[in-house]
Amino acid sequence: MFLKKTSFLILSSFFFSSCVGQAVKTMAQVPKSPNANLNLKTEVKVEDLKVHKETFSNGLKVLIVENHKLPIFSYYTFFDVGSRNEPEGLYGGTHLLEHLMFKGTEKFKEGDFQQLLEEKGGETNAYTSNDVTVYHANLPLSLLPTIVDLESDRMSHLVINKESLEKEKLVVLEERRMRYENAPQSRAHQKLFSSLFDKTPYAHPVIGSEEDIKGLNQKDIYTYFKRYYSPNNAILVIVGDVDTNKTIALLKEKYGPIAAANDLDEYKKKNDDQKKYVQKINKEEIIRLHGPNAAGHFFIGFKGESAGTKRAYALDILASILADGESSYLSQNYIMGKNPLLSSIRASSFNMKYGGVFFIEGDILEKVTVKVAREKILKDFKTLCAKAIDDRNVQKIKNQYLVGFYEGLKTNAGVASLLGTMERLFGDYSYYKKDLAAYQDVKTQDVKKVCLEMIPTSNWTFVSLWKFNRKENEQ
Amino acid sequence: MKKLTLALFFLLLCQGTFSQEKTEKMDWDGLPVLWLSEPYFPTYDVVFYFADGALGDQVSGETDTMFNLLASGTRRFEQKDISDHLEYYGVGYSSEVTPEYSLFHVSGLMKDLKPTMKMICHLFSDATFPDEELKRFKNIRKDRLNNITSSLDALGSRAFRAVSMEGTPFSAPMGGRLKDVDHWNSKALKEKLHYMNSKVSKKIYLSGPSSVLELKDIITRECPWKKTANFVRNVEMSDKLIQKKEVIYLVTVPQATQAYIYMGRVLLKKEIQNLEMLELLSSFLGGGFSSKLMQEIRVKRGLSYGAEASLSGQRNYGRFILSTYTKNESVLETIKVIRSTLDDIMDNKFEGKEFVTAKEGLVGSYPFRFEKGTAYLTQLVYFDHIGKNPEELYRFPTSLGNLKQSEMVEMAKNIFPKSNLTLTVIGSKDLAEKLRPLGEVKIVPYTDFL
Numbered sequence: 240m241f242l243k244k245t246s247f248l249i250l251s252s253f254f255f256s257s258c259v260g261q262a263v264k265t266m267a268q269v270p271k272s273p274n275a276n277l278n279l280k281t282e283v284k285v286e287d288l289k290v291h292k293e294t295f296s297n298g299l300k301v302l303i304v305e306n307h308k309l310p311i312f313s314y315y316t317f318f319d320v321g322s323r324n325e326p327e328g329l330y331g332g333t334h335l336l337e338h339l340m341f342k343g344t345e346k347f348k349e350g351d352f353q354q355l356l357e358e359k360g361g362e363t364n365a366y367t368s369n370d371v372t373v374y375h376a377n378l379p380l381s382l383l384p385t386i387v388d389l390e391s392d393r394m395s396h397l398v399i400n401k402e403s404l405e406k407e408k409l410v411v412l413e414e415r416r417m418r419y420e421n422a423p424q425s426r427a428h429q430k431l432f433s434s435l436f437d438k439t440p441y442a443h444p445v446i447g448s449e450e451d452i453k454g455l456n457q458k459d460i461y462t463y464f465k466r467y468y469s470p471n472n473a474i475l476v477i478v479g480d481v482d483t484n485k486t487i488a489l490l491k492e493k494y495g496p497i498a499a500a501n502d503l504d505e506y507k508k509k510n511d512d513q514k515k516y517v518q519k520i521n522k523e524e525i526i527r528l529h530g531p532n533a534a535g536h537f538f539i540g541f542k543g544e545s546a547g548t549k550r551a552y553a554l555d556i557l558a559s560i561l562a563d564g565e566s567s568y569l570s571q572n573y574i575m576g577k578n579p580l581l582s583s584i585r586a587s588s589f590n591m592k593y594g595g596v597f598f599i600e601g602d603i604l605e606k607v608t609v610k611v612a613r614e615k616i617l618k619d620f621k622t623l624c625a626k627a628i629d630d631r632n633v634q635k636i637k638n639q640y641l642v643g644f645y646e647g648l649k650t651n652a653g654v655a656s657l658l659g660t661m662e663r664l665f666g667d668y669s670y671y672k673k674d675l676a677a678y679q680d681v682k683t684q685d686v687k688k689v690c691l692e693m694i695p696t697s698n699w700t701f702v703s704l705w706k707f708n709r710k711e712n713e714q
Numbered sequence: 017m018k019k020l021t022l023a024l025f026f027l028l029l030c031q032g033t034f035s036q037e038k039t040e041k042m043d044w045d046g047l048p049v050l051w052l053s054e055p056y057f058p059t060y061d062v063v064f065y066f067a068d069g070a071l072g073d074q075v076s077g078e079t080d081t082m083f084n085l086l087a088s089g090t091r092r093f094e095q096k097d098i099s100d101h102l103e104y105y106g107v108g109y110s111s112e113v114t115p116e117y118s119l120f121h122v123s124g125l126m127k128d129l130k131p132t133m134k135m136i137c138h139l140f141s142d143a144t145f146p147d148e149e150l151k152r153f154k155n156i157r158k159d160r161l162n163n164i165t166s167s168l169d170a171l172g173s174r175a176f177r178a179v180s181m182e183g184t185p186f187s188a189p190m191g192g193r194l195k196d197v198d199h200w201n202s203k204a205l206k207e208k209l210h211y212m213n214s215k216v217s218k219k220i221y222l223s224g225p226s227s228v229l230e231l232k233d234i235i236t237r238e239c240p241w242k243k244t245a246n247f248v249r250n251v252e253m254s255d256k257l258i259q260k261k262e263v264i265y266l267v268t269v270p271q272a273t274q275a276y277i278y279m280g281r282v283l284l285k286k287e288i289q290n291l292e293m294l295e296l297l298s299s300f301l302g303g304g305f306s307s308k309l310m311q312e313i314r315v316k317r318g319l320s321y322g323a324e325a326s327l328s329g330q331r332n333y334g335r336f337i338l339s340t341y342t343k344n345e346s347v348l349e350t351i352k353v354i355r356s357t358l359d360d361i362m363d364n365k366f367e368g369k370e371f372v373t374a375k376e377g378l379v380g381s382y383p384f385r386f387e388k389g390t391a392y393l394t395q396l397v398y399f400d401h402i403g404k405n406p407e408e409l410y411r412f413p414t415s416l417g418n419l420k421q422s423e424m425v426e427m428a429k430n431i432f433p434k435s436n437l438t439l440t441v442i443g444s445k446d447l448a449e450k451l452r453p454l455g456e457v458k459i460v461p462y463t464d465f466l
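Residue numbers (the numbering used here), protein chains in the order written: chain A, 240 to 714; chain B, 17 to 466.
Do not take every clue at face value.
Stated by the list, open to error - Capping the alpha-carbon separation at 20 angstroms, the derived lysine to any residue pairs in SDA-like fashion look like this: (1) A:Lys649 <-> B:Ala391; (2) A:Lys577 <-> B:Asp147; (3) A:Lys626 <-> A:Pro579.
As the list claims (entries may be wrong) - FRET-style restraints, in silico, Cβ to Cβ: (4) B:Pro433 <-> A:Thr462: 32 to 40 angstroms; (5) A:Pro531 <-> B:Ser356: 32 to 40 angstroms; (6) A:Asp511 <-> B:Pro225: 41 to 49 angstroms; (7) B:Glu456 <-> A:His396: 51 to 59 angstroms; (8) B:Pro461 <-> A:Lys289: 25 to 33 angstroms.
No lab work stands behind these hints: they were computed from the structure.
Source: prediction; values computed, not measured.
Ideal placement from N, C-alpha and C gives every residue a C-beta, glycine not left out.
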């Protein structure tokens with residue numbers, strides 16, 4: 240029920256090893272130079288997750304991982320539908336539908352979904368992105384039959400009545416005010432995406448504009464629900480203290496009778512025409528937005544990559560080299576240096592199913608104008624790839640990804656999210672191993688290559704948000 | 017090149033429970049240590065606890081700044097070297113300063129434990145807080161405060177702390193006020209570090225496999241912590257600080273299109289002894305989708321996207337805060353809904369089923385407190401700090417199960433009389449007119465809270 244743009248990067252932020260034996264020895268005494276004698280590579284072998292995968296006759300894909308550490312489990316349902324699937328007139332509809340999924344069915348009245356789970360200690364929520372809608376719950380074991388009943392029931396018997404639709408629109412409008420109108424950086428972020436994805440299905444905001452939300456109607460949303468919320472468009476992932484065989488039997492009983500949407504594949508194929516997703520960025524563009532902030536905020540974005548390509552892995556590492564941590568290139572040069580221009584910096588390679596954006600975002604110090612910061616950064620772009628990327632920095636990022644990877648596996652929810660994402664993007668949950676290998680295989684020259692192909696040479700869009708940008712100049 | 021096999025998923029084969037059997041207390045040359053066995057991953061978490069916090073500051077924000085700049089330079093290494101060294105190993109390090117105590121967290125891969133912790137001890141021994149780094153930090157802090165309206169929620173928390181705790185030593189923000197930033201200096205930060213090292217009582221909390229205990233040699237030999245350091249910050253809050261008349265503030269922010277609403281009060285030491293009941297009351301009011309405030313504000317009326325109750329407590333005081341946000345036109349209606357919800361609870365006008373839902377929900381969610389070692393450690397740190405026996409953590413479901421609805425109503429009657437509450441609204445100046453029916457409203461520009 241909250242809007243969250245999932246990034247493949249975040250969900251699969253992986254890998255690798257830092258120096259082991261030798262480094263420990265050399266660092267046993269803090270040396271004169273703290274970074275001396277680091278062994279830059281270690282081979283890592285990853286053991287398999289024990290995953291039971293089964294596809295039901297109606298097309299529902301089920302993944303189960305048993306973890307008997309505690310009497311709890313996580314239950315994730317991924318529907319392959321996001322804002323990119325919305326036709327004009329239904330912008331914001333995927334997200335509003337996500338809210339309405341908690342509003343009741345013929346069997347369960349409004350409020351039952353949360354009540355039945357929360358009264359036993361469970362929690363549930365959902366998020367919508369450009370590509371996917373995900374419903375998730377963390378529950379005590381006793382709630383397994385309940386969640387299976389609730390989730391299977393709303394997949395086929397959702398009721399959308401006019402009163403609850405209109406009330407939920409008010410809630411979404413409040414969410415929109417909170418996330419965009421009173422968080423102006425989000426507005427600038429959206430402007431960047433609209434520009435870089437102009438005329439593609441990724442251009443409009445997931446939450447929709449105020450007018451979009453107000454214009455949504457019961458009939459269109461229900462039609463949309465019937466089209467996309469079918470078992471053959473869903474992946475169900477359960478991780479926790481469950482018995483696989485018993486759980487499969489329960490799932491078959493409840494989900495088995497739900498009919499597949501027969502024309503869905505054909506419809507999606509038509510909807511997913513690759514030509515619609517081609518990003519055409521023909522010029523360098525500067526967009527100025529007026530905001531309340533006396534210190535300017537900026538984004539500079541480039542055309543990025545779809546998830547899973549070799550280039551995408553290299554771009555992930557490039558983004559981290561540039562701005563992850565205080566020792567990163569951009570932090571050292573723009574925040575920590577002798578003449579700082581910025582108070583914060585972030586870089587991200589945002590990969591979606593059919594496209595991506597690579598962007599750098601920062602807060603400019605109040606004493607510095609947006610123009611001065613922009614010109615300095617753009618000038619730096621000419622030489623940045625050569626200066627920022629070396630073997631050690633690439634290895635450093637791989638080490639950081641490994642720590643993040645372990646963190647992600649420490650909860651049932653983390654494992655469920657990872658497996659579901661791999662299955663959704665690549666049709667194969669075990670892709671997480673290829674994913675690990677892909678990061679491991681990224682070489683320093685790969686990172687340099689993608690950097691040189693993009694940062695000094697590609698067209699960019701620069702969006703600033705600043706008190707001194709005039710409102711009438713907004714585009 | 018050494019081959020390393022990482023059995024990433026062997027947690028899935030392990031049987032475990034949440035119990036005190038997973039923890040072990042030790043004494044490392046006078047330093048109390050608590051280890052939480054976490055054998056499932058080759059990672060560790062360390063929390064260094066210092067028994068003093070922001071209440072010890074002569075100039076507000078000093079302790080927070082000292083910890084923030086601990087890695088900004090030593091006599092041997094520059095900031096760049098230190099951050100690069102730690103980040104190369106993927107180490108996470110951060111500090112958390114509260115009024116009564118401070119924490120320094122370090123986490124990373126087991127195989128890099130030694131070089132990491134040697135560096136951490138080196139920082140505690142030798143941090144110099146170079147002027148240039150301090151200047152940069154101060155400029156950034158000033159910028160962030162001057163631009164705080166980009167996050168009305170952050171501004172709201174800051175303003176509410178100031179007005180609801182006015183007249184107490186707890187009212188200053190941990191990170192300091194804008195007017196104090198220029199008073200931070202390198203010498204004072206070094207003195208603050210020396211004070212923390214040599215005077216203030218400490219404890220260490222660890223989670224990880226048994227090899228994390230190899231830390232003992234490094235900590236005892238290389239961290240500059242004296243056995244004799246035994247100072248513990250204790251500041252009592254007087255009964256007189258509980259207000260007797262409702263206070264309403266409007267903190268004005270130009271161009272805000274939503275009103276952020278905070279309602280709550282300080283809790284005295286004697287009021288925070290029954291933690292289970294407070295937690296239940298908090299959960300009942302605003303702990304989830306089926307809680308009273310979410311139902312009344314979002315589900316029934318569509319006034320907001322979210323509403324919550326939060327309870328925070330230290331050894332000598334606590335706070336109970338209800339918060340939500342709504343469009344400007346709905347501000348009065350939303351406040352009335354919160355008030356009538358509180359009145360209903362104090363008058364016992366709610367279904368017994370709602371009480372049972374909140375109580376059983378809390379009991380049922382109990383195992384999640386132990387899913388991640390870091391969350392488990394955090395609870396142990398907190399129980400230690402407030403002087404509760406950690407065994408009470410394991411008795412929590414039983415204690416909750418014994419609570420009665422009438423007891424929760426009595427607690428609500430003690431906490432929520434309107435006259436005891438501070439109401440703060442963050443939003444545009446136009447809201448003053450809308451709030452007028454509530455009584456006298458003090459209008460204060462947001463800049464007063466920087």
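Status of the hints after comparison with the structure:
1. Among the hinted pairs, A:Lys649 with B:Ala391 is consistent with the structure: their alpha-carbon atoms are about 11 angstroms apart, no more than 20 angstroms.
2. Proposed proximity of A:Lys577 and B:Asp147 is supported: the alpha carbons are some 11 angstroms apart, at most 20 angstroms.
3. As the CA atoms of A:Lys626 and A:Pro579 are separated by approximately 18 angstroms, the hinted pair is consistent with the 20 angstroms bound.
4. For the pair B:Pro433 and A:Thr462, the beta carbons lie near 52 angstroms from each other, so the given range of 32 to 40 angstroms is not met.
5. Judged by the Cβ atoms, the range 32 to 40 angstroms given for A:Pro531 and B:Ser356 holds: they are separated by roughly 34 angstroms.
6. In this structure the supplied range 41 to 49 angstroms holds for A:Asp511 paired with B:Pro225, their Cβ-Cβ distance being about 47 angstroms.
7. A hinted range of 51 to 59 angstroms holds for the C-beta pair B:Glu456 and A:His396, which are about 53 angstroms apart.
8. Separation of B:Pro461 from A:Lys289 is about 60 angstroms and departs from the stated range, judged on CB atoms against 25 to 33 angstroms.
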